[in-house]
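J.: Residues per chain, in single letters:
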Amino acid sequence: MAMTFHLDVVTAEQQLFSGMVEEVIAPGAMGDLGIMPRHSQLISKLRAGELQYKTSDGMASLFVSGGVLEVQPHVVTVLADTGMRAEDLDEAAAREAMKQATDALQGKDPEDLDYEAIQTELESAKAQIEMLHRIGKLRGH
Amino acid sequence: MAGGKEILSQIKSISNTKKITKAMEMVAASKMRRAQDRMKASRPYAEKMRQVVGHLAHGHLEYQHPYTQTRETVKRVGYIIMSSDRGLCGGLNVNLFKQALRSIAEWKKQDVEVDICVFGAKAAAAFRRYGIVAQKTHMGDAPKVADMVGTVKVMLDAYEEGRIDRLFLVENEFVNSMTQKPQVTQLIPLVASATDSIKHHWDYIYEPESKEVIDALMQRYIESLIYQGAVENVACEMAARMVAMKSASDNAGTMIDDLKLIYNKARQAAITQEISEIVAGASAV
Chain A
1 MAMTFHLDVV TAEQQLFSGM VEEVIAPGAM GDLGIMPRHS QLISKLRAGE LQYKTSDGMA
61 SLFVSGGVLE VQPHVVTVLA DTGMRAEDLD EAAAREAMKQ ATDALQGKDP EDLDYEAIQT
121 ELESAKAQIE MLHRIGKLRG H
Chain B
1 MAGGKEILSQ IKSISNTKKI TKAMEMVAAS KMRRAQDRMK ASRPYAEKMR QVVGHLAHGH
61 LEYQHPYTQT RETVKRVGYI IMSSDRGLCG GLNVNLFKQA LRSIAEWKKQ DVEVDICVFG
121 AKAAAAFRRY GIVAQKTHMG DAPKVADMVG TVKVMLDAYE EGRIDRLFLV ENEFVNSMTQ
181 KPQVTQLIPL VASATDSIKH HWDYIYEPES KEVIDALMQR YIESLIYQGA VENVACEMAA
241 RMVAMKSASD NAGTMIDDLK LIYNKARQAA ITQEISEIVA GASAV
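Going line by line, the protein sequences match chains A and B.
Under UniProt numbering, the first residue of the first sequence is numbered 1, with each subsequent residue one higher.
Under UniProt numbering, the first residue of the second sequence is numbered 1, with each subsequent residue one higher.
Simulated pairs of lysine-lysine, DSS-like, Cα-Cα distance not exceeding 25 Å: (1) A:45 - B:144; (2) B:246 - B:12; (3) B:260 - B:22; (4) B:246 - B:31; (5) B:31 - B:181; (6) B:181 - B:108; (7) A:45 - B:211; (8) A:45 - B:153; (9) B:75 - B:108.
Facing chain A, a subset of chain B residues (Cβ under 8 Å, in silico): (10) 42; (11) 45; (12) 48; (13) 49; (14) 51; (15) 52; (16) 204; (17) 206; (18) 207; (19) 208; (20) 212; (21) 213; (22) 216; (23) 227.
So the derived label-pair ranges between C-beta atoms look like this: (24) B:33 - A:88: 23 to 31 Å; (25) B:146 - A:105: 15 to 23 Å; (26) B:106 - A:90: 51 to 59 Å; (27) A:34 - B:106: 48 to 56 Å; (28) A:105 - B:34: 32 to 40 Å; (29) A:31 - B:146: 29 to 37 Å; (30) B:20 - A:135: 50 to 58 Å; (31) B:247 - A:18: 35 to 43 Å; (32) B:17 - A:18: 44 to 52 Å; (33) B:66 - A:102: 34 to 42 Å; (34) B:34 - A:90: 22 to 30 Å; (35) B:219 - A:31: 20 to 28 Å.
It is worth saying that the hints were derived from the structure and are not from the lab.
On a predicted model such as this, the values are computed, not experimentally measured, just so you know.
In this text, a Cβ means the ideal position worked out from N, Cα and C, and glycines have one as well.
Chain B with its partners taken away, still in its complex shape:
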């Protein structure tokens, strides 16, 4: 019986792997549900915030916050890249990094320097040689705003001091549990949404001073966007891992089936050979 034992041990090892991937799939599925809930809960806030800030961009305000002013010349740009801490989640991070690199390459072509700020261990490893100025890893499955503000502040300060002229956010958009879309969005300066344009000139009544209110609002705006990005990224990670582990389990299943077939064939061949040997031996007598 040629190699029968080896095939058996191979089957055993693959079915052990299958058990692990199956477990990871189920863990990812339940974590994804929780991450999705968190994402949904914070979405109204982010949406309303975007609306209010959209109004700001259309109004003719007495105080112009630095975030609303677009600078003509661009010498240096910043990127905030969201990634997961752990791998085994399919092409999620790789696709995101490709998108980021494409966007970075375009700036480099125009002789524009790039500063990078990363969230998550995977991005930290991937962008090490591109000049990371700030990083934060291991935030867990429920990221908190307080954990993130420090890292983001590095980039915001750089913008306010004029060291960078644009700031982009690279994150995965959670379309559904099967699809995650990497995207690059401009965080600051604010881009006025073209959809709900208000034509006539108007300004707000401020309480207290306009600077104080707008500063407070802008800070919350950036925080909400970053938080939303981080929460969404966790949901994406879990969804991608669930799908990746499901296909790994399926593949392990087909491999086991194939090996079983080979094993049975080998066993059958051995038996057939034994019989023919016996028959040949008997006829020789």
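Chain A on its own, in the form it takes in the complex:
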């Protein structure tokens, strides 16, 4: 049997996943991170993107909008800001959010704009759409 470690994915609103996995691929702030069992201690910021993990049933994935990842040799904890299961992703909603963010960037007085918040929103929406496309291709749509 393959070596496993414990993975917890939590957001402020809910627990998305808790269980044994063989591998995790996380969207780190400086590039994707592949984590296998007995990885040395690591702590990283996350960007918006797809978090994949391999259980005994195969690969599964979640969407996270950023947060913090902590790795201990046998426990990996993902503290996501917000997150969604792949099947809950909604392309229309993501496109709408992206459109709103783009409009906000262009339309208004630059003085009272919260650039950072809009940027995060935009990246999150973009990452959701990218992830949907990737999954869609795998499923042969």
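Go by the hints and put chain B onto chain A.
T.: Below, chain B without anything else, positioned relative to chain A:
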């Protein structure tokens, strides 16, 4: 029939009050259930966060965040006090304030100044003369992190600039719907949990810079603790109100029963008197 009318009107007014308390009890019960769900949903995040930060406190890190350093001398401390906006919830707020005042009095004995930051109208009123530096009231039944960060930031900035040396959080712990426990916990500097101590020396690999990661983590840590505290406080408020209103309804019920007895006795006495008067009158003829 002595005072019969007065007793009747009293019964009527008490049964009206009973209707109100009964309604409030039911509203509080349903709100409590929702608040409890919110509390449960955010609990895993807060727990995991506490674990990760606990690991941080044990590691030997290259970058020491100000929140992890304990200052030797304490000249001024800060308190964040969570309370409800509305009353009629039994001794919930009063017990909490007593606990807070006891803790504050201990610092004052050591000549340490106290800064207070409050959430909720009740605490704002109670601590007005103790020097409130920041307050936020009327957050509703579903508090949002965004509403709270500004107020908390006042205290965090004060800590980072060295104006306060300790920061405490005073909140109610939701044990069950009958019991709420007021407690004072130290928010910063972080206290290392003694339970899961890791002995050997190690440090993390950081991505990106250690400062950036730890800062982001600490900010989320404090936010999650404050949010958890606020959500839990709403659940406590609703539970306490439910219990208080239930006992108020019960008391109204016993009062109505007592008054009814008095009314019936008075009516009976009046009838008896009337009969004896008639009998006396008839025998006199």
